[in-house]
Amino acid sequence: MTTAAQEFLRKADEKSFDLRHRKTIRQGIDSYESAHNKGKSRFSDWEAARDRCAQIKAEALSRLDQYLIQFEEVVTSRGGYVFWAANSEEARNYVLEVAKKNNIKTVVKSKSMVTEEIHLNPLLEKNGIEVWETDLGEYIVQLRNEPPYHIVTPAMHLNRSDIAKLFQEKIGGVQTNDPTQLVALARRKLRQAFFAGEMGISGANFLVADCGMIAINTNEGNGRLCTSLPRIHIAMAGIEKIIPHLQDLATLWPVLATAGTGQHLTTYCTLIGGARRNDEVDGPEQFHVVLLDNGRTELLDDTEQRDVLRCIRCGACLNACPIFRNVGGHTYGTTYQGPIGSVLTPHLRGLKEFNHLSFASSLCGACTEICPVRIDLHHHLLQNRRNAVNSGNRPWTERLAFSFWRWMMLSPRRFRFFGWLGRKLMKAVRMLGLSGTRLDPMYKWTKYRAAPDFPAQSFREMWMRNHAANR
Amino acid sequence: MAEVLQRIGLDVFFPEEQTCCGQPAFNSGQWQEALPVAERFVRVFATAETIVCPSGSCTAMVRSFYPELLANSPLRSDAEALARRVFEFSEFLVKVAKVTDVGADFPHTVTYHDSCHLLRELQLRTEPRILLRNVKNLELVEMLRSDECCGFGGVFSVKFGMISAAMSETKCGNIDATNVEFVTSCDSSCLLHIGGILKKTGSPVRPIHLASILAASPNSSTAARRVHS
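Chains S and V, in that order, give the protein sequences.
Per my numbering, the first sequence starts with residue 174, numbered consecutively.
Per my numbering, the second sequence starts with residue 65, numbered consecutively.
There's no promise every hint is true.
Unchecked claim - Only part of the chain V face toward chain S is listed, based on derived beta-carbon distances under 10 Å:
#, residue
1, E81
2, G93
3, R184
4, G218
5, G260
6, I261
What the hints assert, rightly or not - Calculated cross-link-like contacts (lysine-lysine; reagent style DSS-like; alpha-carbon spacing at most 27 Å):
#, chain 1, residue 1, chain 2, residue 2
7, S, K196, V, K264
8, S, K343, S, K362
9, S, K196, V, K223
10, S, K600, V, K223
11, V, K264, S, K184
12, V, K200, S, K184
13, S, K196, S, K278
14, V, K159, V, K200
15, S, K617, V, K159
For the record, the hints were derived by calculation from the structure and aren't laboratory data.
Ideal Cβ positions, reconstructed from N, Cα and C, are used throughout, including at glycine.
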């Protein structure tokens, strides 16, 4: 078993029965669910809106190269810089280079999962640059020295008293658990960072090809401060964030907001096309866009799973996933958690190390049911499983077990015999009082559940007897 | 199931040659092991007019996944034809046989669990409920989040037992909150899992397959056996 798989099992064991964790997440998801349902009801036809979004993203992917080049042309025509990063290292180094060239000491960031994917912060910090996460949730997990727990709600695992305790420890002066006062404290602290920040780094929810602009959705206004106060703005995005037309946002923005948080629109919907122009009084002096590949073009080549690149990172599949709700975001050990993370991570970081995530699912399909861009998530988990087996990345014992299973299933006589044997064996285990103990051959089942009561006779035996009697 | 089908006037055959549809191997990524078992299924049922199955999961395997699994098999077109003739039990009764009242009598309180494959692969939400509402003396009590997975997931339930059990604890909490006597569903595998957790936690709620409820009538042997076991 790989290290990542072992770590996953260890953390899952710890979190699955952590009732405090379960309760905190349940509360978070409950409020999400009611907002999401209310949000959907505001659409005259939510299903049609999902179809439209899936079409827009599919169109973008079908001519990804053309739309990206169009985007680059418009951005550079306005004096912006576009950098094509083949992998994480190239992307990180570009940012560091720009920072060094401009003598940057302080960076303020608005929420960006791509910067998590490429592990940007540690590199900047190692080079003596102070990095401030300014999204409240991101700020909280940064103070805890943790990765985001959830791609949209990074501090979902914490309740207000956890946060009060954290702020008292790291900032001081906390007298209450009152969210308003806690937010005010964080805001005062972050304002100082905004005024000190010389470089702002943001993500992009969409890259709009026809007008060469990036679209950012935030709820705290930190995105606008990060992209307008500092001297330099660098936006980082995966290449799949491209959409063809500005008008596509008319559908994508409300769908993203509804799927993500149940809002009609996020509080701040921002479009940025470049640096400050001569006749403008504010805005950055430089505008850079880093386009990250990092395995995405290979995924584009995969005709079975190309639709994964439609993802708009709304986080709905995480919220809908009963696995996520029980093991929690940190157990995955990946940048992207939940169903989309389990599907995507093997493509970004290797099937060998991360195929276990595709097996850690009951394949219930709640993710596919909720996905606003109709990614066939749970079927991709099945395909990843098949790919893991076919590429020799599963233990030989599994192969052996299923070879035996096949041998058994290819003969009704063997099927009947082993069914009979299994029932007898289970009866014997119970009579010996071994049920649920480590000596129980079914221990993996009976550790958590009572052993099933199987009838003395199988359906087949009953049927054959009745049939013989009637003949 | 056989009793109910016979009661509504159908001839029921049970090909004794049948074994498994292949889903355990398919879901574990072992498609090359699943393929011969699936091909065997296609051959065994080749001449059957209509195939009725008391499981949403097995039905989904044949209907939704055989065309993919057997894509390069010489039996591909047979599999595709078969996929159109296989029905889940409640689906068959309501949509094909057009029977919504099978004359069952089950004087108990019951809650219904939507099994995942039945609901999300086959899109069957109302059919089992229609059948339950027409059972004499049965009171159907809906649980909170009846469509949330029970955590079974086949091999998942032993490979990732802790996650599976945690999921089921939530499910069983919602079942217990309804204060019913029975929890029913269209999939024995979910009921096996739910039943195991209910029993372990000392819950009085007992699992029962929809078919056993529909087979129940004052003079039926199956129901008496199930209820008093």
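So, going through the hints one by one against the coordinates:
1. E81: Where the cut-off is 10 Å and the nearest Cβ of chain S is about 5 Å from V:E81, the hint holds.
2. G93: holds, 3 Å
3. R184: holds, 4 Å
4. G218: Nearest chain S Cβ about 8 Å off; hint holds.
5. G260: Since chain S brings a Cβ to about 3 Å from V:G260, closer than 10 Å, the hint holds.
6. I261: It holds, given that the least Cβ distance between V:I261 and chain S is near 5 Å, below 10 Å.
7. S:K196 - V:K264: holds, 22 Å
8. S:K343 - S:K362: holds, 11 Å
9. S:K196 - V:K223: holds, 25 Å
10. S:K600 - V:K223: holds, 23 Å
11. V:K264 - S:K184: holds, 24 Å
12. V:K200 - S:K184: violated, 48 Å
13. S:K196 - S:K278: violated, 41 Å
14. V:K159 - V:K200: Distance ~21 Å between V:K159 and V:K200 Cα, so the pair holds.
15. S:K617 - V:K159: violated, 39 Å
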